[in-house]
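Asker: Chains A and B, in that order, are what the protein sequence lines are.
Taking our numbering, the leading residue of the first sequence gets 509, the next gets one more, and so forth.
Taking our numbering, the leading residue of the second sequence gets 637, the next gets one more, and so forth.
The set of hints was computed from the structure by calculation and includes no laboratory data.
Misleading hints may appear alongside valid ones.
As the list claims (entries may be wrong) - Sample of chain A residues lacking proximity to chain B, with all beta carbon distances greater than 10 Å (derived):
1) Q525
2) K576
3) A596
4) G614
Unchecked claim - Here are some chain A residues pointing at chain B (derived, C-beta under 8 Å):
5) E522
6) L551
7) Y556
8) G616
Backbone N, C-alpha and C define an ideal beta-carbon position, used for all residues, glycine too.
Residues per chain are reported as follows:
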Amino acid sequence: DAGVIQSPRHEVTEMGQEVTLRCKPISGHNSLFWYRQTMMRGLELLIYFNNNVPIDDSGMPEDRFSAKMPNASFSTLKIQPSEPRDSAVYFCASSFSGNKETQYFGPGTRLLVL
Amino acid sequence: GDSVTQMEGPVTLSEEAFLTINCTYTATGYPSLFWYVQYPGEGLQLLLKATKADDKGSNKGFEATYRKETTSFHLEKGSVQVSDSAVYFCALSVDDKIIFGKGTRLHILP
Chain A
509 DAGVIQSPRH
519 EVTEMGQEVT
529 LRCKPISGHN
539 SLFWYRQTMM
549 RGLELLIYFN
559 NNVPIDDSGM
569 PEDRFSAKMP
579 NASFSTLKIQ
589 PSEPRDSAVY
599 FCASSFSGNK
609 ETQYFGPGTR
619 LLVL
Chain B
637 GDSVTQMEGP
647 VTLSEEAFLT
657 INCTYTATGY
667 PSLFWYVQYP
677 GEGLQLLLKA
687 TKADDKGSNK
697 GFEATYRKET
707 TSFHLEKGSV
717 QVSDSAVYFC
727 ALSVDDKIIF
737 GKGTRLHILP
């Protein structure tokens with residue numbers, strides 16, 4: 509079975525550019541989570557969706573960040589405009605409400621903003 | 637609020653040594669507790685979990701016991717291998733979310 513799929517795996521961009529990160533959750537999972545990982549702050553939950561609806565976006569750093577889940581098999585995290593401090597590894601994870609406590613992580617997108 | 641505190645790394649051990657990574661938690665309810673592992677260049681994956689007090693989670697030779705009286709969930713392994721080198725995260729569940737500790741990097745020397 510395919511796991512959580514994220515693209516791109518690596519992204520290098522210049523400050524001020526728009527960045528879009530993509531995630532395909534495991535088929536049948538109805539919860540999706542976006543995390544950011546940095547050395548300084550560890551793993552931070554940015555936002556999560558349940559049945560395609562955003563439930564908690566309190567971790568989204570500021571208005572430059574937005575996330576959507578137009579259907580059960582796709583989600584995006586967008587940063588516009590990007591800044592060097594956004595450089596991090598961004599993970600998407602999914603889970604099934606029948607076993608909501610176990611999350612399955614994608615391989616992550618390593619973002620570098622110059 | 638709910639939180640997890642785990643020992644800072646890095647932890648460096650020789651192969652076949654005994655491993656303990658300490659984890660304590662603060663929670664208002666009765667959360668489930670987890671250990672996740674992150675191998676280099678990969679996402680996190682669930683290593684083991686325990687859902688109630690005195691439960692022991694185990695997997696791949698690792699184990700941890702849910703201790704409500706000490707609010708702890710320490711990770712142990714009797715004999716580590718080089719392939720166990722990774723970052724280990726202690727975590728707890730709150731509603732639909734999981735709260736992760738900062739992670740402990742483990743280096744195993746051959």
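Asker: Work down the list of hints and note, for each, if the structure agrees.
Answerer: Cross-check of the supplied hints:
1. Every CB of chain B is more than 10 Å from the CB of Q525 of chain A (nearest about 25 Å), matching its label as outside the interface.
2. Its beta-carbon lying about 19 Å from the closest one in chain B, K576 of chain A satisfies the requirement of being farther than 10 Å from that chain.
3. Every C-beta of chain B lies more than 10 Å from that of A596 of chain A, the closest at about 14 Å, which supports listing it as non-interface.
4. Not every Cβ of chain B is farther than 10 Å from the Cβ of G614 of chain A; the closest lies at roughly 5 Å, contradicting the non-interface assignment.
5. With 8 Å as the threshold, the beta carbon of E522 of chain A stays out of range of chain B, its nearest partner Cβ sitting at about 25 Å, so the hint is violated.
6. A hinted interface residue such as L551 of chain A counts as satisfied when its beta carbon comes closer than 8 Å to some beta carbon of chain B; here the least separation is about 5 Å, so the hint holds.
7. The beta carbon of Y556 of chain A comes within 7 Å of a beta carbon in chain B, closer than 8 Å, and the hint placing it at the interface holds.
8. The interface hint given for G616 of chain A is met, as the beta carbon of that residue sits about 5 Å from the closest beta carbon of chain B, less than 8 Å.
Of the hints listed earlier, those the structure fails to meet are numbers 4, 5, in rising order.
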